[in-house]
Amino acid sequence: MPHSAPDSYPRRGFPPRSTALPEMATAVIILNEEREVEYVNRSAEELFEPVDPHGCTMPVLLASCGARGGEEMFADHVSGQDAEGTCRLRLVDERLLDCTSRRLSNGGYVLSLDDVTEHVRNAELANHDALTGLANRKIFRERLSERLADARQSGKPVAVLYLDLDRFKAINDTLGHPVGDALLRKVAGRLTGALHPDDLAARLGGDEFAVLQSGSEQPASAQALAARLVDLIGRTYALEGHTLNVGASVGVAIAPQDGYEPDTLLRHADLALFRAKADGRGAYRFFEHGMNDRIQARRLMEIELRRALALKQLRLVYQPQIHLASNAISGFEALIRWETPDGRVVPPSEFIPLAEEIGVILPIGEWVLRTACKQAAAWPDSVAVSVNVSPAQFRTGRLVETVASALARSGLPAARLELEVTEGALLEGSDAVTRTLATLRQMGVRIAMDDFGTGYSSLSYLQKFPFDRIKVDKSFVRGIDRNSHRLPIVRAIVTLAAGLGMETMAEGVETEAELACIRAEGCDGVQGYLTGCPLSPEAATALLAPSRPLSSTGATE
Amino acid sequence: MSNDLHRLVYYSRNKVAGEPGALEAAINGILAKSRANNAKAGVTGALMFNSGCFAQVLEGPREAVEEVFERIQQDERHGDVSLLAFGPAEARSFENWSMGFVGASVEDAARYGSLGPESGFDPSRLTGEALFEILHGLALDEENAD
Numbered sequence: 000m001p002h003s004a005p006d007s008y009p010r011r012g013f014p015p016r017s018t019a020l021p022e023m024a025t026a027v028i029i030l031n032e033e034r035e036v037e038y039v040n041r042s043a044e045e046l047f048e049p050v051d052p053h054g055c056t057m058p059v060l061l062a063s064c065g066a067r068g069g070e071e072m073f074a075d076h077v078s079g080q081d082a083e084g085t086c087r088l089r090l091v092d093e094r095l096l097d098c099t100s101r102r103l104s105n106g107g108y109v110l111s112l113d114d115v116t117e118h119v120r121n122a123e124l125a126n127h128d129a130l131t132g133l134a135n136r137k138i139f140r141e142r143l144s145e146r147l148a149d150a151r152q153s154g155k156p157v158a159v160l161y162l163d164l165d166r167f168k169a170i171n172d173t174l175g176h177p178v179g180d181a182l183l184r185k186v187a188g189r190l191t192g193a194l195h196p197d198d199l200a201a202r203l204g205g206d207e208f209a210v211l212q213s214g215s216e217q218p219a220s221a222q223a224l225a226a227r228l229v230d231l232i233g234r235t236y237a238l239e240g241h242t243l244n245v246g247a248s249v250g251v252a253i254a255p256q257d258g259y260e261p262d263t264l265l266r267h268a269d270l271a272l273f274r275a276k277a278d279g280r281g282a283y284r285f286f287e288h289g290m291n292d293r294i295q296a297r298r299l300m301e302i303e304l305r306r307a308l309a310l311k312q313l314r315l316v317y318q319p320q321i322h323l324a325s326n327a328i329s330g331f332e333a334l335i336r337w338e339t340p341d342g343r344v345v346p347p348s349e350f351i352p353l354a355e356e357i358g359v360i361l362p363i364g365e366w367v368l369r370t371a372c373k374q375a376a377a378w379p380d381s382v383a384v385s386v387n388v389s390p391a392q393f394r395t396g397r398l399v400e401t402v403a404s405a406l407a408r409s410g411l412p413a414a415r416l417e418l419e420v421t422e423g424a425l426l427e428g429s430d431a432v433t434r435t436l437a438t439l440r441q442m443g444v445r446i447a448m449d450d451f452g453t454g455y456s457s458l459s460y461l462q463k464f465p466f467d468r469i470k471v472d473k474s475f476v477r478g479i480d481r482n483s484h485r486l487p488i489v490r491a492i493v494t495l496a497a498g499l500g501m502e503t504m505a506e507g508v509e510t511e512a513e514l515a516c517i518r519a520e521g522c523d524g525v526q527g528y529l530t531g532c533p534l535s536p537e538a539a540t541a542l543l544a545p546s547r548p549l550s551s552t553g554a555t556e
Numbered sequence: 000m001s002n003d004l005h006r007l008v009y010y011s012r013n014k015v016a017g018e019p020g021a022l023e024a025a026i027n028g029i030l031a032k033s034r035a036n037n038a039k040a041g042v043t044g045a046l047m048f049n050s051g052c053f054a055q056v057l058e059g060p061r062e063a064v065e066e067v068f069e070r071i072q073q074d075e076r077h078g079d080v081s082l083l084a085f086g087p088a089e090a091r092s093f094e095n096w097s098m099g100f101v102g103a104s105v106e107d108a109a110r111y112g113s114l115g116p117e118s119g120f121d122p123s124r125l126t127g128e129a130l131f132e133i134l135h136g137l138a139l140d141e142e143n144a145d
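In order, the protein sequence lines correspond to chains A and B.
The first sequence lines up with residues 0 to 556 when you count with numbering that gives the first Met the number 0.
The second sequence lines up with residues 0 to 145 when you count with numbering that gives the first Met the number 0.
Next comes chain A alone, as it looks inside the complex (with noise of 0.2 Å):
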């Protein structure tokens, strides 16, 4: 039709507007003096099907298709007030329009109507998060700013939470992530029925959420809201079918003396979530200025930690093993040491659980396996050595092959390699750590159950796991000749492993009278200061010397 004979185009070659109207995107009414639709083009025609528009006021076309919005404007129109302006439409598929409506000279009106779905649509989207309906991350930091700039001005305080959920990776792992996202969901519900109107909640990503509090009494809004959100967001859920519990954790900063600065409060915040989150989660905890410091100090220590490797600075150590029917070394267990180059010695308990937490366990855990592998090949052939095995290790699921290899390598038979799990290990993943357990074992590895009595279950693991041997744990020797508590505590254990076949060495023996005991309960084997400190691998050597008469006094390094 618009295309249709060239002489019937003006001169100037454009088709007449008459033509153009009806292909308009843009939808266009045109009512008449009566404020009746005369004429709807082709894209107004779309929107309101089935409806038929011609001859309808606008309220009564848009009450009989249900939509809503523009009743002020057209109530003008029917009053015949002038009528001008813009109006937003929703239809009953939740599509916007703007309308404009514009006088025409004849006394009528046009209207032109835009989708605008698509652009409202974005802009909310760029402020919420979408699968909880929160704010989300740029909206919240918006709004902090804003607040602090306000804060400024009036010096109230604002108080910023922030919070994550403890052990929602597993379930998310576990039960798939519609699970997860519906957790998420919940947790966002509860956690906007906990909050004040005034109050912001965000879901920063993940499952990490904040919350902006001002206009409150600070600490206290913030206290009360922080234990109510623990609390809320760890009771149980019925969700999809099934029961689910997580913990949540908060960390509070609160400005102005935690700072004025948006991304100072919010890591600040962080800082004090990552202490709740140390200290055991399902807790809340303030920021507190020396946080900041302990975190830069376990940060310089990582720096160190990784140089140390890399330089080589981790040696080891070995601390004789005294078999007690014969009063001679069995073995030694290889301990790590670290010396910084400023000659500080750092305790394996405080580099250790970096090393793990930032993963050159690995690395560590091999070396150290094949030096203890390689020293104790030099040894006598009576004198096995002890090596522990971290958690980590077996996570790999590469144990076997590390050892077999470290084995080959060095030459020492495998009979004289005893690895030391502690129950941590055997925590995770319990079936395929004891296969891989039993792997070792019949290759001639001897296993060794350390710190024995200090976890939650070892009874259990002794029955699934026909360890060698068991290594009672130093909180149970230590004044085992005073404290008549402790003596039943070795002697059952002792008994235990008698009954299963395992032998039993007690750690930590100081004392004469300790080691008296220890010997009269029957214990096969004692290790401690008494018996022999740490030595560095020559004095280790050393003391296995035939020349050298053995005694039950520690040599020392």
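Keep in mind the hints are simulated off the structure, nothing from the lab.
Being a predicted model, the structure only gives us computed values, none of them experimental.
The reader is advised that the hints may include incorrect statements.
[Said to hold, decoys possible] Some chain B residues near chain A, calculated using beta-carbon distances under 7 Å:
(1) Arg61
(2) Glu65
(3) Phe68
(4) Gln72
(5) Gln73
(6) Val80
(7) Leu82
(8) Phe85
For each residue, glycine too, the CB sits at the ideal point set by N, CA and C.
Given chain A, work out where chain B should sit, using these hints.
Here is chain B on its own, set in the frame of chain A:
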């Protein structure tokens, strides 16, 4: 799937404070409101309470039951909510109730002395199943009395 009949049993610490009269009024209020709300959602069930705790069975389409339970979890009048049982059910056991009020008054809590020592009972010692049985029995009792 989401409309499968599910049954949920929980108990919680009653945090409604004040005189016995106030407690009774509060509980009547809760009942009236939940009767109306839950009937719309197709949830029926039974509520048992004394001065110490609430114990409740909810039955209905899974999503509706989950929604009602979520409201309860967010209700400050409940504390220490323990979910004792949640799973599919063959048929409703409290068909004719939008919500059953077991026991006419706070004083009547003593009537359920057989459930535990003194006036209160200790639901933590009961399994979801046992609690459900007790509620069921009491509900039948109440119906017969009408």
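Against the structure, the hints:
Nearest Cβ of chain A to the Cβ of Arg61 (chain B): about 6 Å, under the 7 Å cut. The hint holds. Here the hint on Glu65 (chain B) is kept, as its CB sits about 5 Å from the closest CB of chain A, short of 7 Å. For Phe68 (chain B), the interface hint holds, since its Cβ comes within 7 Å of a Cβ in chain A; the closest pair sits about 5 Å apart. The interface hint given for Gln72 (chain B) holds, since its Cβ lies 5 Å from the closest Cβ of chain A, which is under the 7 Å cut-off.
Restraint check, Gln73 (chain B) versus chain A: the minimum CB separation of about 5 Å is within 7 Å; hint holds. The restraint placing Val80 (chain B) at the interface with chain A holds, with a minimum CB-CB distance near 6 Å, inside the 7 Å limit. Taken as an interface hint, Leu82 (chain B) checks out: its beta carbon lies about 5 Å from the nearest beta carbon of chain A, inside 7 Å. Contact between Phe85 (chain B) and chain A, as hinted, is supported at the beta carbon level, the nearest pair being about 5 Å apart and thus within 7 Å.
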